[in-house]
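**Q** Sequence:
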Amino acid sequence: MIDINESVMQFLLAFIVVGPLLGAAAALLPAPPGLKGKSPDQAVLRHGVTVTGAVLIAAIVLALGFDHDQPSKMQATTDISWIPALDVRIHLGTDGISLPLLVLTALLTFLCALYSYFKMPSGPTPKAFVALLLVLESGTLATFAVLDLLLFFLAFEMVLIPMYFLIARWGGEQRQAAAWKFILYTLLGSVVMLLGLLLVGLESGTFDMMALATDNGRSLTASVQVIAVLAIGIGLAVKTPMWPLHSWLPDAHTAAPTVGSVLLAGVLLKMGTYGFVRILLPITPDGFRTFAPYLAAFAVVGIIYGSLACLALAKQGAKGDLKRLIAYSSVGHMGFVLLGIATMTPTGVNGALFANIAHGLITGLLFFLVGALKDRTGTTDLDTLAEKTGAALYGKAPRLGGLLAFAAVASLGLPGLAGFWGEMLTLFGAFEPADELSRPAFLTFMAIAAFGTLLTAAYMLIVVRRVCMGEVPPEQESPKLADVQTYEFAAWTPLVALTVVAGLWPKTLLGLTDPAVQQLLAGGNR
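So the sequence shown is residues 1 to 526, counted in full-length UniProt numbering.
Please note: incorrect hints may appear among the correct ones.
Below, computed lysine-lysine pairings styled on BS3-like, alpha-carbon distance capped at 27 Å [unchecked claim]:
#, residue 1, residue 2
1, K374, K73
2, K507, K73
3, K374, K119
4, K374, K319
5, K127, K73
6, K119, K73
7, K181, K319
8, K374, K127
Everything labelled a hint here was simulated from the structure, so no lab data went into it. Just so you know, these numbers come straight off a predicted model, no measurement behind them.
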């Protein structure tokens, strides 16, 4: 930790939110003659790397300057009146819950910009691509930094348009249909969520999330809380995505370009679960308690459903798409996050927040690797990979095969890697849920979720066996595969390193989240 002035911290957080927007506007301007390099396209891609790099550095400095002795305290706060008539304020701040998500978002966006500099997805001009990437980053970072309900909604919605165009213009087959499905699902969910946010704000007399959290639902009647949780929860559940509101996700991932899939899985899905923790748990606790068993039930159905879908896709002869398989695995992994939140205990919520970060690191890496595999073989179809192209990666591209196996075992929750702690803490939380919740019901949910971890191990190991193992066919029967390139090492190494660090030293993350979660759940006892 380094000692940084509070006003500098405020500036850093404001820059993290606004900087990408300014960068997006600059990306659309003509490149100055001295900065064009070999071509204007190269200049704008370099601009994307520079802006996302500056935002990442600001996020790291913010994390270093953060007072780790008081992670439950909202830090680097800015509070300016914006729309006085509605008492809407530009209120920014970060604590131990949002800080890891800010750093994760800044890191993944920078790695995507770096990867795109060397491997730009085929499609229209890079100018629009870089501008959309930066708007997407700004909206996501704002979602994790704002402390006003209406501002949260605006930031939440801001990411939809850039992600729609990234899928629709730079995606693969069926990209138009997938992009439409993505935006229709999320917009419909958002309309319902807005009604819930307005209900909370108008009934309590403020949209300030900190004031509402301190009030802990005392100014809202039980019926208002129930309606608000239902309305806001639907919007957040679509974005998470929770079964059965998940069906937009596999299509979006399958059609999206590599960097689109990385950001969708690594960052956008976290916005939904973050909303559950930041808004519903502290602001409408009684309403949330009513729905917690149902949320847990949907979560464990999602865990089993996602795992069974992955097993079906991994089966020989199923013509399963590897990107689609990883998308369904996200439904299962986010089910663990929702189960942890539904326990309403510090253990479960800490597990959910840990699983959020672990999923962002591991699934981001998996999508990078599958994108690299598609670039080399021209397909992500498992049967084609295993049979026709003979993708015995351990023999043909050992580093790529080793990384894919590492990401797979991290995803299945191998002890010592990041994926393990989130799932284990979630199961512990379900073993001893909050006092007002039915323990027998949550013990049942825990048993079902634990069975889901076995199914996860099964499909991940099947994928590794089919893609990485086997005899290397003669060169005339199978194309030669390039192993990991330098730029790929640069983009993937941070994800591998952080997966190991978070797995071996979970206290790094839990030391940040636990005090903030304890205070959040204590509500009025602040």
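**Q** With the threshold set at 27 Å, check whether the alpha-carbon distance from K507 to K73 stays at or below it.
**A** 18 Å, holds
**Q** CA of K374 to CA of K73, is that 27 Å or under?
**A** Violated, at roughly 45 Å.
**Q** Is the Cα-Cα distance between K181 and K319 27 Å or less?
**A** Holds - the C-alpha atoms of K319 and K181 are around 23 Å apart, at most 27 Å.
**Q** Holds or violated: are the alpha carbons of K374 and K319 at most 27 Å from each other?
**A** 15 Å, holds
**Q** Below or equal to 27 Å on CA atoms is what counts here, so check K374 against K119.
**A** Holds, because 12 Å separates the two Cα atoms, which is no more than 27 Å.
**Q** CA of K127 to CA of K73, is that 27 Å or under?
**A** 40 Å, violated
**Q** Holds or violated: are the alpha carbons of K374 and K127 at most 27 Å from each other?
**A** 24 Å, holds
**Q** Does K119 pair with K73 here, judged by a C-alpha cut-off of 27 Å?
**A** 41 Å, violated
Hints 1, 5, 6 from the earlier list are contradicted by this structure; the remaining hints agree with it.
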